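S.K.: Now for the letters of each chain:
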Amino acid sequence: MKWWLACVVIGLALVPDLGAQRALADYRYFRALSIDLAGRPPTRDEIAAFEAAGFDLDAWLDARLASEPYAERIRRVYTDLLRLELPEGTAVFRPPSVLLRWTTIQDADGKTLDLYFREGQRRLKPELDGQVCFTQAETGLIVGADGPPNGTPKRVSKRLLEERTVVVKPWWLYADYKTRQPRNRADATWVERYGYELVWSMFNEADGKTPVTGVRVCREEAQIAETGRVVATGRIVKKGDPLLPGRLTRLPADTAFAKANAGTMTSCFAQTGFESSIECGCGVGLERCLPTVPAGFVMPWVTPLGVDLAFDSAPRPAILWLRAWWSQEAIHFLDRIFREDRDVREILTSPSTTVNGPLAQFYRFFANATCCGAASELGYTQAEPLFDPAKVPTSLSPHEVATWTVVEDRGPHAAGVMTMPMFLLKYGSRRQRAHAVYSVFMCKEFVAEAAKLEPSTEPDLTKRAGCSTCHQRLEPMAAYFARIQESDWTYLPQPLFPVSLERCTAAGPAGMPMGACRTFYDPDFTDRTSTMLRGAYGAPAHADEGPRGLARDVTSSPEFAPCVVRNVAQSLLGRQLTAADDTWKAALAKAFVDGKYRMRSLVRAIVTSPRYRDANDRKPR
Amino acid sequence: MRPVALLLALLVACHGDRRPAVISPGTAQPWPAHRAVLLDQSPKAKRRAVPAEVFLRAYLGWFGDLAPYDAFLRARGNDLFDQWSYYLAALGLPDHHVDAPRISQSNTVMLATIGRLGEALCIRSVEHDLRANPPLDKRVIFAFEQPVQPTRETFAPAFDILHRTFLGYPVALAPIPRIDRFFALYREVASRQATRLTPDEMAWAAVCTALVQHPEAWVY
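Residue numbers (our numbering), protein chains in the order written: chain A, 21 to 641; chain B, 3 to 222.
Honestly, the hints are just simulated from the structure, not real lab data.
There's no promise every hint is true.
[As the list claims (entries may be wrong)] Some chain A residues near chain B, calculated using beta-carbon distances under 10 angstroms:
#, residue
1, Thr63
2, Arg96
3, Asp100
4, Leu106
5, Gly594
All values derive from a computational prediction rather than experimental measurement.
Built from N, CA and C at the ideal position, the CB exists for glycine as well.
Between the sequences and the hints, there should be enough to build the whole structure, so can you do that?
M.R.: Next up, the structure:
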């Protein structure tokens with residue numbers, strides 16, 4: 021060996037290990053970065069890499085800031101603030117046109133059969149109209165809205181059974197339910213294939229062993245037409261009318277829509293089609309309906325690490341199972357913004373979203389079922405939705421829960437998280453919605469200091485003493501949501517629901533008309549010449565702008581960027597920001613705005629700052 | 003007596019020719035250099051609890067990257083582990099269904115829960131890593147050859163592996179020397195009667211549990 025080479029080798033051997041030179045504070049910093057950006061403490065291998073000479077912290081940070089755990093960490097900042105989950109017991113979204121109810125009857129052999137039907141389904145036979153497709157005289161049973169029937173069952177003849185019912189291979193049991201001969205029945209492999217799990221024992225026949233291969237439904241429910249002819253029976257039904265024998269409900273009366281449009285075709289995707297046509301059913305494989313029974317759809321319940329790693333799950337009926345996916349929609353939407361380092365303002369402004377199979381089914385077939393109710397009296401019969409069903413990818417099947425697809429444009433009314441079902445149900449009222457946006461995205465609260473509440477008849481809360489302090493700001497913000505019904509997502513389009521509707525004014529001798537006028541227009545702001553869309557009085561122009569207007573106002577306000585900085589910095593530092601942080605916060609906010617509202621650079625600036633590095637009171641001993 | 007006292011006072015007062023020194027004007031001298039004291043004025047807060055999600059992810063990783071249900075299956079038995087639902091809220095997870103906020107500061111219930119989870123992890127890991135004796139690269143926690151009747155010197159490198167696993171840095175950098183204290187714990191437990199595990203296995207499980215419960219493991 022050359023003498024100089026030997027010297028180099030000896031010299032290298034004598035160079036102290038750089039890792040040994042890392043101080044305790046370095047290790048702690050690296051651990052904090054791992055916790056916040058990798059979602060877990062560093063492993064032994066990662067610590068060894070950190071100790072090695074040439075460890076490039078910048079490159080390590082870049083890799084972490086492009087990872088899923090980073091996106092999840094920042095998303096948690098916003099999910100903790102928005103809390104987009106609903107309580108277990110909340111009864112939301114139960115439109116009769118969607119709910120496929122369950123009962124039992126006895127066949128000619130005395131065997132108990134499950135039977136599915138829709139409460140309110142229009143049928144040709146007057147005695148069956150609006151209820152299950154058998155009379156009490158035929159089955160011996162009185163069938164309520166849900167659950168087992170009352171009475172002593174009588175055997176239903178085979179002929180009658182075939183006449184009134186049909187067996188369908190439904191979407192929840194067959195992946196290929198749209199084909200003529202569905203064969204791909206759900207089994208245990210579906211969890212791996214689709215992320216979709218059923219409690220299999222609940223999908224067996226009454227013997228508990230034989231797998232159900234089809235469900236029996238009333239014939240009208242099994243129809244697949246997309247449009248149906250409107251029928252008007254001419255029937256006059258009054259509230260005090262006696263019930264017909266064997267019925268628990270009165271016969272359905274003609275709706276105003278049916279009277280006005282008898283004989284014309286209407287869409288079977290809307291509530292009006294369900295209410296006024298005999299030809300509207302649940303579609304191919306019953307895909308436009310959700311079974312209320314069995315409660316065998318396994319719903320991930322506690323999912324701190326995502327639905328793929330559920331810590332608790334419980335079987336639920338499909339109607340509740342769907343709720344888990346509303347929540348996941350918001351999570352996937354936020355994750356995409358942070359993972360792809362998109363403009364943070366998109367949380368409020370973006371027309372896009374991400375959907376999986378159940379959500380695609382929901383937006384195509386179910387969401388518009390809440391439209392239009394009383395609004396049909398004012399001519400609103402076809403929903404103008406927040407999420408245009410035509411934009412939903414048709415390639416997604418209802419059982420594909422693990423396949424998430426981006427929809428770039430939901431429609432002209434979509435505005436980030438604010439027009440998602442979970443937000444609109446979590447924050448049911450217009451004021452709640454405005455308040456949530458105000459506090460989460462502007463970091464401000466409505467606090468009335470030294471306000472005195474005195475009796476008042478002033479309906480305008482922006483003027484009423486004691487209320488005006490907060491409501492001067494709240495009411496104009498709430499007005500942005502005036503066109504989205506409360507505890508619902510039905511959109512009220514401007515042409516049919518102008519801020520002031522002449523036919524709803526109090527010009528007549530009886531004052532403001534009853535019915536839909538009072539549902540959608542506020543009597544307190546109605547006189548002989550004008551009226552006021554509910555919730556719009558604080559700023560009528562805002563009603564027409566909708567949530568998109570609010571998104572524009574909030575994201576262009578000087579409070580928005582500092583609020584993003586505050587929320588994220590507080591979460592990463594684990595403490596409230598104080599006046600001592602103001603200069604730092606202002607600099608971060610300016611850089612955030614100059615950098616086009618990208619979260620990644622903001623987080624990088626925070627975690628590389630001395631404040632983060634020395635975030636706690638730990639002192640070297 | 004009084005005249006004598008007055009005379010003595012006069013003598014003391016007028017003793018010597020002590021006129022005040024005269025300070026003559028001169029050029030101004032700079033102040034002597036002083037040492038600059040840097041004060042860290044950045045706001046400080048108490049160390050924050052590791053987010054429950056991070057603890058759970060780490061915990062599943064320490065179990066060998068198991069899914070929650072599989073970790074439950076591995077951990078249960080002999081009253082070591084009940085159900086996840088008993089522990090999750092106590093770890094500080096928020097429950098947005100009922101608007102229960104995240105707990106970001108530790109509390110006694112949280113610490114007890116972490117201790118309980120740590121015990122389950124460490125005993126099962128002893129069974130998996132030490133008793134079953136798989137190759138080192140298959141061990142998740144006790145990734146070392148178990149020293150026979152360890153001395154302080156043979157205990158220290160093994161303990162360093164555990165220390166890095168749970169606290170994230172070499173034990174040599176610990177603010178308070180830890181090897182002796184944990185070795186004492188090891189010897190204390192190992193001196194007791196065997197249960198299902200051997201005394202040495204119990205001792206390693208105790209050291210592991212103490213590290214999982216160590217404040218540095220669940221704050222940062």
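S.K.: So which of those numbered hints doesn't the model satisfy?
M.R.: As far as the earlier hints go, not one is violated by this structure.
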